[in-house]
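Visitor: Here are the chains, one letter per residue:
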Amino acid sequence: METIAAFLEGPFWYFSAAVFVVGVVGRLALALSLGSSKSLSVPRGSASAGAVRAVFSRFVPRRDFYRRIRLEVIAGYAFHVGLFVLLFFAAPHVEFYKEYILGFGWPTMPRWAFIVVSEIAFAGLIVLWLRRLLHPVSRKLSDAGDHIGSILIFFVMLTGCLALGEDHESLRLIHLFLAQLLLIYFPFSSLMHTFTFVFSRGYIGAGFAHHGVKA
Amino acid sequence: MKTGTTVNRHATRQSTTWLLPVVWLLLTICGTAVAEEQGGGAVPNPGIELWRAVREGPPPGVSRSQVEGIGMTTLIAEGGERWRQLRSNYVAPWGGWALVGMLGVLTLFHLVRKSPERFDGSSGKVIVRFPDYDRILHWFMAGTFLFLAISGLILLLGRYVILPLVGPQAFGAIASASKEGHNLFGPVFIVSLTLFVLRFAQRNFFARGDLAWLAKGGGMLSGKHVSAGFFNAGEKILFWSITFGGLAISISGLILVFPLFGQSRELMQLMLLVHGIAALVLIAFTFGHMYLGSIGLPGSFNAMNTGKVDADWAHAHHDRWHREAEEKGLIEKAPS
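Protein chains in written order, with my numbering: chain G, 1 to 215; chain C, 1 to 336.
Derived by calculation from the structure, the hints in this document are not laboratory data.
Bear in mind that the values here come from a model prediction, so they are computed numbers and not experimental data.
Note that beta-carbon positions come from the ideal geometry of N, C-alpha and C, so glycine has one too.
Among the hints, a few may not be true.
Capping the alpha-carbon separation at 30 Å, the derived lysine-lysine pairs in DSBU-like fashion look like this [what the hints assert, rightly or not]:
1. C:114 to C:224
2. G:214 to G:38
3. C:125 to G:98
4. C:224 to C:328
5. G:140 to C:333
6. G:140 to C:125
7. G:140 to C:308
Partial pick of chain C residues on the chain G-facing surface, computed with a CB cut under 10 Å [as the list claims (entries may be wrong)]:
8. 101
9. 132
10. 136
11. 172
12. 176
13. 181
14. 188
15. 191
16. 300
17. 302
18. 305
Label pairs and their computed distance ranges (CB to CB) [claimed, not checked]:
19. G:166 to C:224: 27 to 33 Å
20. G:102 to C:155: 22 to 28 Å
21. G:181 to C:164: 27 to 33 Å
22. G:62 to C:96: 52 to 58 Å
23. C:224 to G:66: 46 to 52 Å
24. G:112 to C:333: 29 to 35 Å
25. C:243 to G:81: 27 to 33 Å
26. C:169 to G:70: 46 to 52 Å
27. C:169 to G:102: 55 to 61 Å
28. C:161 to G:154: 25 to 31 Å
29. G:212 to C:120: 35 to 41 Å
30. C:244 to G:99: 34 to 40 Å
31. C:164 to G:146: 40 to 46 Å
32. G:105 to C:243: 43 to 49 Å
I would like the entire structure built from these sequences, with the hints used as guidance.
Guide: Dropping the structure here:
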């Protein structure tokens, strides 16, 4: 067990973190290097302002669609906000960042809040994944990579919660190993939307504003 | 040569030797008599009164403890041992065997029953039985229930089934993970159950025709279809079993997970039994549901997979619903 722990906390941790960082930066650099074709039309609005507006306005669904996508919106926010809170405010995570990455920590949430947030995030993730599987259009649009991403995140979250007792090292190591697999898989999957959503929204928003489209 | 004193001592020893067994016999008789007078053949434990008092517990208001809380002045909770025996000797083994028995009954039923009718989609028509939201809700609840069932069974039966296979260290980790996961997913199940009941209750009230369906056993043995609406009586019984069984599991689970409201030890023990028995019954019912929703009734699984069922299947198993759908023009052409 000690050998496995030394491997996961040593070489494999550095490898997975390096793949994550190099992969994410590389893919973003590649996307940005493609640039955009210069529009020859007369600008009808500020492209920069349009880009910023689109990045934030898309957080709120259009009223016309909300009734039809209510479940997806609620589940989407439950999962994404929940995951963000767990990732950055769960005490074991902050301790890990402090020890292995940053050298400093910050206030964490109490255990009861951890459990409530986990439950909300789980409910959101399960509903989103079920929709992907059951909605005829989503099912056709989804590929194996989407399902692998969902399953991997589910098991990373699950093993983290199963290790909450903090009385078995093996459970913590399983969680750590799956989290490292996720780090390695991340840059090569649709999970990159964590970063690329800003650029894609901004790109579309800038184009719309340039052409005077209010959307 | 023996002196006179030595001879006298020898003679005295010889003359008193016969006294020893007599004295031993007298003492034994007296001891037995005293012991019998004190209530039996056993030698009394000098601390018996003390331990009896400890087991009975102090009268209310007499004892105190530096640690405040319910049961803090109780040294030995005698009811706990009775509860443990009830759980270990009856609930766990009988519950485990009941589940195995249910699987056996279903297997036997599958082997002896008349082969169920298959619907290969030759009608070329389908009806939407469960839209997306209904299926998402069903699988959301089914997924959480399955997770809770597996983790709960590990906690109830793992000591007898898994521990001998994997050893104490691995089982310790499995049990710890099961306990944390079970407690975590419990509230998620309550949310899914609530949404499920709110969504499906209206279509599960008993109506005319349900008694006739029940009287004919749903035609399961005869192989003849019995008239039914959107849900047949068997499905309605399952729905209300899930509703009330789920309610019992949820309430007892909340009492167990949040021991913050002054729950007594006896109440917690009772809730553990209610929780376990209700869960075992629901798991057994779920085996039947899974069988009938898949290989037991070919064509049924489509209802919860794509949401659409073959029109012939609908006509055979839910003729009244099929007629309604026909009247409302809800029968569609099957996608090619």
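Visitor: Against which earlier hints does the structure fall short, listed by number upward?
Guide: 3, 8, 16, 17, 19, 20, 24, 27, 29 and 30
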